[in-house]
Amino acid sequence: MSNSIFRKDGTAQGVAKQRLIETLAKDDKRIIKDEFAGYFVFGGAILKLIGHKLNQWLLKKIIPGLHDHLIARTKYLYDIIVQCISMGAVQYVILAAGYDSRSNRLRLSSDVNIFELDQAQVQKRKLSILNSITKPKIKTKTEFIKQSSIFCCLQ
Numbered sequence: 001m002s003n004s005i006f007r008k009d010g011t012a013q014g015v016a017k018q019r020l021i022e023t024l025a026k027d028d029k030r031i032i033k034d035e036f037a038g039y040f041v042f043g044g045a046i047l048k049l050i051g052h053k054l055n056q057w058l059l060k061k062i063i064p065g066l067h068d069h070l071i072a073r074t075k076y077l078y079d080i081i082v083q084c085i086s087m088g089a090v091q092y093v094i095l096a097a098g099y100d101s102r103s104n105r106l107r108l109s110s111d112v113n114i115f116e117l118d119q120a121q122v123q124k125r126k127l128s129i130l131n132s133i134t135k136p137k138i139k140t141k142t143e144f145i146k147q148s149s150i151f152c153c154l155q
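No gaps in the numbering here: position 14 of the sequence shown is 14 in my numbering, and each next residue is one more.
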């Protein structure tokens, strides 16, 4: 990836940053927890140092509602996925997966097939980071549509 501040993974990092900030909240105040998010965010250590309350205050001043929207959306999707799988679904697809790590966080049955689609550079960095911290459930299968996109199957 380029050294420019305008990286291909900018959106993926931005969403992971919101999950990291939410993870910093106290257990009884937290809506979701993403123990992997900090690994994907440049400057994650600074966000941890600042803490949940100050990060949220700053975000509300800069972009009101963004954090709450992304966390509510994340929680809603988690609930839908778990509900559908409990009703018999055996696979789901994540488009523009970015640095989403729910395949590791939700601890779903190995019988569930999870497919991801995103830019090759983003998926490559994601796999590299996950390989350094856990046994990822991601296995690259084939490129999808264009050379700049990659289709991954989580096993």
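A hint or two may mislead.
In the DSSO-like style, the derived pairs of lysine-lysine whose C-alpha atoms are separated by at most 27 Å in a straight line are [said to hold, decoys possible]:
no.: 1; residue 1: Lys29; residue 2: Lys60
no.: 2; residue 1: Lys124; residue 2: Lys8
no.: 3; residue 1: Lys33; residue 2: Lys124
no.: 4; residue 1: Lys124; residue 2: Lys61
no.: 5; residue 1: Lys61; residue 2: Lys33
no.: 6; residue 1: Lys8; residue 2: Lys26
no.: 7; residue 1: Lys135; residue 2: Lys75
no.: 8; residue 1: Lys29; residue 2: Lys61
no.: 9; residue 1: Lys135; residue 2: Lys124
no.: 10; residue 1: Lys53; residue 2: Lys26
no.: 11; residue 1: Lys53; residue 2: Lys135
no.: 12; residue 1: Lys61; residue 2: Lys48
no.: 13; residue 1: Lys48; residue 2: Lys26
no.: 14; residue 1: Lys75; residue 2: Lys33
no.: 15; residue 1: Lys8; residue 2: Lys29
no.: 16; residue 1: Lys33; residue 2: Lys53
no.: 17; residue 1: Lys60; residue 2: Lys48
no.: 18; residue 1: Lys26; residue 2: Lys124
no.: 19; residue 1: Lys60; residue 2: Lys124
no.: 20; residue 1: Lys53; residue 2: Lys124
no.: 21; residue 1: Lys75; residue 2: Lys53
no.: 22; residue 1: Lys60; residue 2: Lys33
no.: 23; residue 1: Lys26; residue 2: Lys61
no.: 24; residue 1: Lys48; residue 2: Lys29
no.: 25; residue 1: Lys135; residue 2: Lys60
no.: 26; residue 1: Lys75; residue 2: Lys60
no.: 27; residue 1: Lys26; residue 2: Lys60
FYI, nobody ran anything at the bench for these hints, they're computed from the structure.
If you're wondering where the values come from, they're calculated on a predicted model, not measured in any experiment.
Now for the hints, and whether the structure bears them out:
| no. | hint | verdict |
| --- | --- | --- |
| 1 | Lys29 / Lys60 | holds (17 Å) |
| 2 | Lys124 / Lys8 | holds (12 Å) |
| 3 | Lys33 / Lys124 | holds (24 Å) |
| 4 | Lys124 / Lys61 | violated (34 Å) |
| 5 | Lys61 / Lys33 | holds (23 Å) |
| 6 | Lys8 / Lys26 | violated (32 Å) |
| 7 | Lys135 / Lys75 | holds (24 Å) |
| 8 | Lys29 / Lys61 | holds (20 Å) |
| 9 | Lys135 / Lys124 | holds (15 Å) |
| 10 | Lys53 / Lys26 | holds (10 Å) |
| 11 | Lys53 / Lys135 | violated (32 Å) |
| 12 | Lys61 / Lys48 | holds (19 Å) |
| 13 | Lys48 / Lys26 | holds (13 Å) |
| 14 | Lys75 / Lys33 | holds (10 Å) |
| 15 | Lys8 / Lys29 | violated (32 Å) |
| 16 | Lys33 / Lys53 | holds (16 Å) |
| 17 | Lys60 / Lys48 | holds (17 Å) |
| 18 | Lys26 / Lys124 | violated (32 Å) |
| 19 | Lys60 / Lys124 | violated (32 Å) |
| 20 | Lys53 / Lys124 | violated (33 Å) |
| 21 | Lys75 / Lys53 | holds (20 Å) |
| 22 | Lys60 / Lys33 | holds (20 Å) |
| 23 | Lys26 / Lys61 | holds (22 Å) |
| 24 | Lys48 / Lys29 | holds (16 Å) |
| 25 | Lys135 / Lys60 | violated (36 Å) |
| 26 | Lys75 / Lys60 | holds (20 Å) |
| 27 | Lys26 / Lys60 | holds (19 Å) |
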